[in-house]
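Colleague: So the protein sequences, as listed, match chains A and B.
Every letter in the first sequence is one number past the one before it in our numbering, and letter 179, counting from 1, is 179.
Every letter in the second sequence is one number past the one before it in our numbering, and letter 300, counting from 1, is 1300.
There could be a bad hint or two in this list.
[As the list claims (entries may be wrong)] Cut-off 30 Å, straight-line C-alpha distance, at most; resulting in silico cross-link-like pairs (DSS-like, lysine-lysine):
1. A:185 / A:120
2. A:331 / B:1270
3. A:114 / A:221
4. A:389 / B:1245
5. A:371 / B:1167
6. A:331 / A:371
7. A:324 / B:1191
8. A:387 / B:1191
9. A:389 / A:371
10. B:1359 / A:363
11. A:385 / B:1190
12. A:261 / A:221
13. B:1270 / A:394
14. A:394 / B:1167
15. A:385 / B:1245
16. B:1270 / A:385
17. A:324 / A:389
18. A:387 / A:419
19. B:1167 / A:419
20. A:342 / A:363
Derived from the structure by calculation, the hints contain no laboratory data.
Note that the structure is predicted; figures quoted are calculated from it, not measured.
What follows is each chain in one-letter form.
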Amino acid sequence: MSATDITKSFHGVHALRGVSFDLCRGEVHALCGENGAGKSTLMKVLSGYHTRDSFGGAFQIKGHEASFYNTKESQRSGVAIVYQELSSATNLSIIENLFLGSEESNLGFLDQSKMLAEAKQLLDLFNMTVSPLTSVGELGVGECQLIEIAKALRLRPEILILDEPTSALSDQEAKILFQVLRKLKAEGLGIVIITHRLNEIYQISDRITVLRDGESVGTWKTQELPEDQLIAAMVGREIKDTYPALTTPTEDVTLEVKNIKVLDPNNSSRYVVDDVSFSLRRGEILGVAGLMGAGRTELLLSLFGALSVEQGDAYINGHRHYMKSPEQSIKNGMALVTEDRKRYGLLLESDVAMNVTLSSLQKTSFLGWLKNQVEAEVASQFVDKLKIKTSSIKNAVQNLSGGNQQKVVIARCLQTQPKVLLMDEPTRGIDVGARQELYKVISDLAASGMSVLVASSELSELIGLCHRVLVLCEGRLTGEYQRQDISEEKVMSAATRFKKRNLTKTQTPSLEAAT
Amino acid sequence: MKQIFKELRTQLRPFMMLLSLLLIWWTFSHVTEGAFLEPRNLSNLFRQMSLTGILASGMVLVIVLGQIDLSVGSMTAFLGGVLAVADQAGASPAMSLLYSLMAGFALGSLQGTLTSYLRIPSFIVTLGGMMSLRGATMWLTSNSTIPIFSEGLLMWGNSSFSIGITKLFMSLVVVIFLLVSSATWWRARKKYPELYPISAFVFQTGVSALILAFAGWTFASHEGLPYPVLLMGAVALVVHTFSQKTIWGRHIYAIGGNKEAAFLSGVPVKRRTIFVFVLTGLLSSIGGLVLSARVGSASPDAGQLLELDAIAACVIGGTSLMGGRGTIFGALLGALIIESLNNGMSLANMEPYWQYLIKGLVLVIAVGIDVNSRGKRGLLD
């Protein structure tokens, strides 16, 4: 496979600029770069996720021009991709997931025995001993990830693309995965692997391509590129360009959390937040790290009153904060920037003004009567202050880009004048430029005396942005690091303190019960 | 010119609705050789429409919230029964109405609580309500027709204001409407000219004023403004103002737009849900008054399929069953379309099976056009 001069932009922001990339048979090609460098976008282009018309450039598979309009077409040409986010249907069994969309059938009836045999084979490949009839919901995140990879392999692809396959795996599982990959490589499969873990790159890959800010820095044979040169190629600039300078927080504690326990809403026999205590000072940015399913989101949601807290207390400026409802939490001076802004954050079809004022309608009304002009003024102020790019405050937020949508959510939070700002994955799905702006906004808020709690799956982001980082594993607090003595290794080791991660659900917990 | 056309595109939906209403009227006027458009018939049409209009005003908010209320037909019958029984027992008209409103309040809170706090889907709660309230009506009326005697109740079905008062009142309504909406618009436009284009204002205000003036002319040329139509106008005005101008109204649209996001933004989703069901309970009580006053009695099988007329009116009027979108104005227009079909087809002596068939087709076609003229919402839409 070879791709030349790929260009792709989202709403005028270039995600890829003239990137070229090639892959040989029987090769593992690692794709490196910082977050937002365009790795995932490139792979989505190659796998047909982005339709042929939406990007510039050309690519060929085995010498033939490839133009995919959907992932089905790319699958037929032998390209299989496993995305970073798990996409299993947790209510179905392993076998149902493996064959989802391409079920084996006989005269329209499912051919269960044929599927069972094939599923067994695939599971054996990964040394998995679970029954194929087990519900995927009962598996750990790592096992789910392996199932996803198995599902991709079932289509007998010639090109396999893995987007951060090991981010959810334990060391043991990663080892098995690499064994499988080596075997596949020997069979002539071309494999593209995206990963942040440098040691893995050296373990498995034959060649390395580095992307930075949507451009290709270069391609090297793995053994010809030492680690320090790789990092230099990836970063290409000083870290301090990305993250703004921080002011020192004051000594007074804004938020005090004591021994919080939260039951898993989907499985009442385990805690998603287990006995967590911490304090947050005025003007401090506190990070919450942890692997997928470690309880980061749940911690924030429960502090905000959106998940019911089994036991434990919280205090804001010394006053008891009963974590009963978001409504109450907002009154107590708390605000939440949600993880999935489209699903949990925004009224997509409503305009910017309505979204900005929703949490604090008292401020733009008189005795329960809305004052449209005050509302328009408030919204316009935030559009100026946060540099939200929108044609007008009456524009529906679904027309805005990801970064600007996120700013709308932040504006809504700021309009409530919170003392404590909770942010869950504030930069997810946001391009590099907008990230930098957001980091600046966050650090400015802290400098003005707000206390910020940031949960993120991106370690580099937490390390660059926060005064202090808490690490969660299995809902328990397993580490706390000050800015000066933090490192990715320390955080990762704390985040994997408990090996057995049995998760029923890895997505954001359902708010059904709460609403 | 191009600019005006572009702005008018945003008004396409109400414009299309008006156009289809006029088309229906034109057709019936041909079929009935002009009888349909006589002030006598049109006045009658508005009178018939008032019940659907009142119920649809509440239904809009239920659907905007993302819920449904199938019980309003039975609820209207039951609350009309309460009214009749109280009247027969010698209560004053005001007290009878109060009893009926209290019962509507209680039933609405019950259905709202079951939906929000106990998380039973509103479809099921109100389906149960539809059945059990029908049973309750039979029990209350001992399965017989209970006549209403008090003039103070009956007038809400059949009486009208004198022609003189009607002329004065309707002129005042049109003038005040024009003044108030122009003043509000002008104030807003001074600050944000780009948000309040002239064409949209002229269209909305102009069309509404024309409709009001036309209705006023119709009443003045026949029997005067019917009491139930006044009641409907008042109800619609109150509910419209509530939904567009208050925090609670904003909350309802927010919940319908994205329930989780609204909840996490501090909107008390459960309490607002209960409130909307209470509102439909109260409006069903007013509907019960209009219905039983019109026929002069309460009967066990009154108001059947009324809920479906109300839902159809909302949906034809552009309310999205996905929630978050819908206006009282649209629902009233929808109610007018539904009642025009009812009235016109009866006037043309069409067989009942034709009437149901055509109403069903109109509903599906209207919503089909509406949904497909909108942009896509998600992958599968």
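Colleague: Broken hints, numbered, in rising order?
Modeller: Hint check: 3, 5, 7, 10, 12, 14, 16, 17 and 19 fail, others pass.
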